[in-house]
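2 protein chains.
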Amino acid sequence: MATEFPAHDVGFEFDIATAVEPVGVVDGVHHFDTRVHPGWDIVGNANGGYLMALVGRAVALATGRPDCVTITAHYLAPCPAGDARITVTPVRAGRRFATTMASLFLRDASGGEKEIIRVLATVGDLSTDPGGPSAMQRSMPEIAPFDECLLMSDTSVNDFAHIHGRLATRGQPEDIAFRSGDASGRATMRGWFAFADDRPVDTRALLLASDAFPPAVFNLRLPAAWVPTVELTVHVRAVPAPGPVACFFDTRFVQNGLLEEDGEMWDSNGVLVAQSRQLALAPRG
Amino acid sequence: MATEFPAHDVGFEFDIATAVEPVGVVDGVHHFDTRVHPGWDIVGNANGGYLMALVGRAVALATGRPDCVTITAHYLAPCPAGDARITVTPVRAGRRFATTMASLFLRDASGGEKEIIRVLATVGDLSTDPGGPSAMQRSMPEIAPFDECLLMSDTSVNDFAHIHGRLATRGQPEDIAFRSGDASGRATMRGWFAFADDRPVDTRALLLASDAFPPAVFNLRLPAAWVPTVELTVHVRAVPAPGPVACFFDTRFVQNGLLEEDGEMWDSNGVLVAQSRQLALAPRG
Numbered sequence: 001m002a003t004e005f006p007a008h009d010v011g012f013e014f015d016i017a018t019a020v021e022p023v024g025v026v027d028g029v030h031h032f033d034t035r036v037h038p039g040w041d042i043v044g045n046a047n048g049g050y051l052m053a054l055v056g057r058a059v060a061l062a063t064g065r066p067d068c069v070t071i072t073a074h075y076l077a078p079c080p081a082g083d084a085r086i087t088v089t090p091v092r093a094g095r096r097f098a099t100t101m102a103s104l105f106l107r108d109a110s111g112g113e114k115e116i117i118r119v120l121a122t123v124g125d126l127s128t129d130p131g132g133p134s135a136m137q138r139s140m141p142e143i144a145p146f147d148e149c150l151l152m153s154d155t156s157v158n159d160f161a162h163i164h165g166r167l168a169t170r171g172q173p174e175d176i177a178f179r180s181g182d183a184s185g186r187a188t189m190r191g192w193f194a195f196a197d198d199r200p201v202d203t204r205a206l207l208l209a210s211d212a213f214p215p216a217v218f219n220l221r222l223p224a225a226w227v228p229t230v231e232l233t234v235h236v237r238a239v240p241a242p243g244p245v246a247c248f249f250d251t252r253f254v255q256n257g258l259l260e261e262d263g264e265m266w267d268s269n270g271v272l273v274a275q276s277r278q279l280a281l282a283p284r285g
Numbered sequence: 001m002a003t004e005f006p007a008h009d010v011g012f013e014f015d016i017a018t019a020v021e022p023v024g025v026v027d028g029v030h031h032f033d034t035r036v037h038p039g040w041d042i043v044g045n046a047n048g049g050y051l052m053a054l055v056g057r058a059v060a061l062a063t064g065r066p067d068c069v070t071i072t073a074h075y076l077a078p079c080p081a082g083d084a085r086i087t088v089t090p091v092r093a094g095r096r097f098a099t100t101m102a103s104l105f106l107r108d109a110s111g112g113e114k115e116i117i118r119v120l121a122t123v124g125d126l127s128t129d130p131g132g133p134s135a136m137q138r139s140m141p142e143i144a145p146f147d148e149c150l151l152m153s154d155t156s157v158n159d160f161a162h163i164h165g166r167l168a169t170r171g172q173p174e175d176i177a178f179r180s181g182d183a184s185g186r187a188t189m190r191g192w193f194a195f196a197d198d199r200p201v202d203t204r205a206l207l208l209a210s211d212a213f214p215p216a217v218f219n220l221r222l223p224a225a226w227v228p229t230v231e232l233t234v235h236v237r238a239v240p241a242p243g244p245v246a247c248f249f250d251t252r253f254v255q256n257g258l259l260e261e262d263g264e265m266w267d268s269n270g271v272l273v274a275q276s277r278q279l280a281l282a283p284r285g
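Those protein sequence lines, which keep their order, are chains R and G. So the first sequence is numbered by our numbering: it starts at 1 and just counts up by one. So the second sequence is numbered by our numbering: it starts at 1 and just counts up by one.
Just chain R, same shape as in the assembly (with noise of 0.2 Å):
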């Protein structure tokens, strides 16, 4: 089964550089055909939040079931641009919601291959889940309006995260000031996630803005070197409404060169759309 949704224009660069093939379904794996685009990379690398989108994309069409409600990838190798294949496995399809095992393969000159990430998704349709009571214990922290963030795209300080190259992405001025060296030493990252070209930001695109922004240990003395994730897990709690969407990224344990960082996105009605939590290497400088 191959629905198609949501109906984006497909001229939108995320769906682009997300879009996947369906070319067939042996012993119930269902495979696909995709590119690893370049331009949503730091330093020649895609971002993870990229690649989690874009097996999140076939896990959608191959499940008939368009939200990722709670999404965990492993991250096994970095990611150069390039062919790939991606294969989604049912591991329990139930009424509210189907959970899948999905893995990327990076294809090579050589006709070898090398896999990616791998990626353990339960999914369900938010828009017509049944829902039940909420009690709100927080409501959304405070971020600087949209109009005084910084954009992050911004040549002059990121020649490196061409990523930000695809989005309208603006970053909290004092969380963003380790770029001209001036670290906050607050390990936290606040901004407002938005598509260069105006796409709308849904549920798959949640799982890019989880990893779209520098990491909060940035604002840390700690090397500004890599970051690489192990680990990342995303909850999607809600489809957004139209506009940017504010993101929160804290790290509170940076222990024996291990870290988390911690997410949290909510949309311009306030409502919760999605938490992050990643287990990374600390930077070594």
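Simulated from the structure, these hints should not be mistaken for laboratory data. Built from N, CA and C at the ideal position, the CB exists for glycine as well. Where hints are given, some of them may not hold.
Heads up, simulated EDC-like pairs for lysine to aspartate or glutamate below, C-alpha to C-alpha not over 20 Å straight-line [to be verified]: (1) K114/R to E13/R; (2) K114/R to E13/G; (3) K114/G to D202/G; (4) K114/R to D202/R; (5) K114/G to D33/G; (6) K114/G to D27/R.
Heads up, incomplete: computed chain G residues facing chain R, CB under 8 Å, no partners named [unchecked claim]: (7) H31; (8) L76; (9) T99; (10) T122; (11) R138; (12) V230; (13) F253; (14) L258.
Since chain R is already given, all that's left is putting chain G on it; use the hints.
Chain G in isolation, oriented as in the chain R frame:
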């Protein structure tokens, strides 16, 4: 490769209840026979942390690496006690970490079986891990001393969560007063995790600890009904020092029938030994 560790007395209840027997490796997949033991349940269904620890045991044996640095389980069906089998499929083995997928299948009387949990885990050896920088942004939260907390196994208020009979777990008085109808109104659950038979708390026991307390939302005025876990992720951050482990659970966002519960576990030296997060269905009465 089936390496034995750690060298706990096999007489401890937790080791008996999480014993797995390797029965062969077929096409790279490690097969184990096991048994979901009675007595680790809530009203007849095995506790989610116990099931994660059981699968974690097989993952450790299959990989020769003792510590689940990050492990995610998706819960597919309730699980009564009974004979079961576990498969562990290697995904990638590197120098520092190895990644595996695993499944637990419960057998039924008719010779059939049902998948209970699907697991994705990246494992290592934290005792020899190369480590790296530390920059802790927070220390251990406040908790009442062990002796001032109340035994969760007190059967005058616990005749359904049988797992507490195996544990010497204690709850902070105001956080477990919901049991006598006096919910605190704060979705927080603090306590100390230990075994009734004084088994040391190792990294595998932390998987159990991450789901061994009553849901923090029992302190809200929601129906005190079952809170089924959809997904649980545990990051094991260090090997615990001897003694009970201080545990902190907190739910911030109950929204449209879904909630997260975040956990922190700290050892007797004040070291962060694990973080957890689960996505669960809110109680519906």
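**Request:** Could you tell me which of the hints above the structure violates, numbers in ascending order?
**Result:** Violated hints: 1, 2, 3, 4 and 7; rest satisfied.
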